[in-house]
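Top to bottom, those sequences are chains A and B.
Those letters in the first sequence? Residues 145 to 256, by my numbering.
Those letters in the second sequence? Residues 1031 to 1141, by my numbering.
It should be emphasised that the hints constitute simulated quantities derived from the structure, not laboratory data.
Note that beta-carbon positions come from the ideal geometry of N, C-alpha and C, so glycine has one too.
A partial selection of chain B residues facing chain A, derived with a Cβ cut-off under 8 Å:
| id | residue |
| --- | --- |
| 1 | Y1063 |
| 2 | K1072 |
| 3 | V1073 |
| 4 | F1075 |
| 5 | S1078 |
| 6 | E1086 |
| 7 | F1121 |
| 8 | E1129 |
| 9 | Q1130 |
| 10 | F1132 |
| 11 | G1133 |
| 12 | P1134 |
| 13 | G1135 |
Pairs of lysine-lysine, DSS-like flavour, derived with a Cα cap of 25 Å:
| id | chain 1 | residue 1 | chain 2 | residue 2 |
| --- | --- | --- | --- | --- |
| 14 | A | K213 | B | K1072 |
| 15 | A | K196 | A | K147 |
| 16 | A | K147 | B | K1072 |
| 17 | A | K213 | A | K147 |
| 18 | B | K1108 | B | K1072 |
| 19 | B | K1087 | B | K1113 |
| 20 | B | K1087 | A | K147 |
| 21 | A | K198 | A | K147 |
| 22 | B | K1072 | B | K1113 |
Simulated coverage check for chain A against chain B, where a stretch passes if three residues somewhere in it have a Cβ under 8 Å from a Cβ of chain B:
| id | segment |
| --- | --- |
| 23 | 176-186 |
| 24 | 189-202 |
| 25 | 245-252 |
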Amino acid sequence: LAKTTQPISMDSYEGQEVNITCSHNNIATNDYITWYQQFPSQGPRFIIQGYKTKVTNEVASLFIPADRKSSTLSLPRVSLSDTAVYYCLVGDSNTGFQKLVFGTGTRLLVSP
Amino acid sequence: EPEVTQTPSHQVTQMGQEVILRCVPISNHLYFYWYRQILGQKVEFLVSFYNNEISEKSEIFDDQFSVERPDGSNFTLKIRSTKLEDSAMYFCASEGGDEQFFGPGTRLTVL
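If we strip away everything but chain A, and leave its shape as in the complex, we get (with noise of 0.2 Å):
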């Protein structure tokens, strides 16, 4: 499994963008790249994934390059409840049924 390299911590303020950057240089042909948030006391829940270029769903977007060594985490206009950590994952999941291997995270703090 590739290693993921994000930034321990994040502030931010509410309304603004944020992107969140996340760096895996021995990611593997197969790999997608996953984004799961997790509040406190809570599991972790899906956000996004994506294999190349750029994914947008109701909650955020994943910018990927070409080289796919990294990846960025966006989420528009965030609120305080967006305060959680986040964290990048990359794996084989096309196949499905793979354990996640969480890193530290990231850990976004949205301030009013």
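Dock chain B against chain A, hints included.
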């Protein structure tokens, strides 16, 4: 929206006692997992389960741990003789082939 449920939400036990943590996965999912998270640390994989047998387990999942799917709905994690270091949040997850859905967790406190 379907969800994974876990009981109890909090379990307090004495060291050396057996505990059973229960999970009800999403009904049409086939793959099940247990993870744990010690306070302030990262989420760690314990075990995966498919077709009524363990598919993979981590080094943490030693002989004190066991999993079972006793009926068509429940998925349990048993710790035979709890240790102080077993104190953690235990998360169950289920998967239908794409994303994993996590339950709310059981906070296990071993005294």
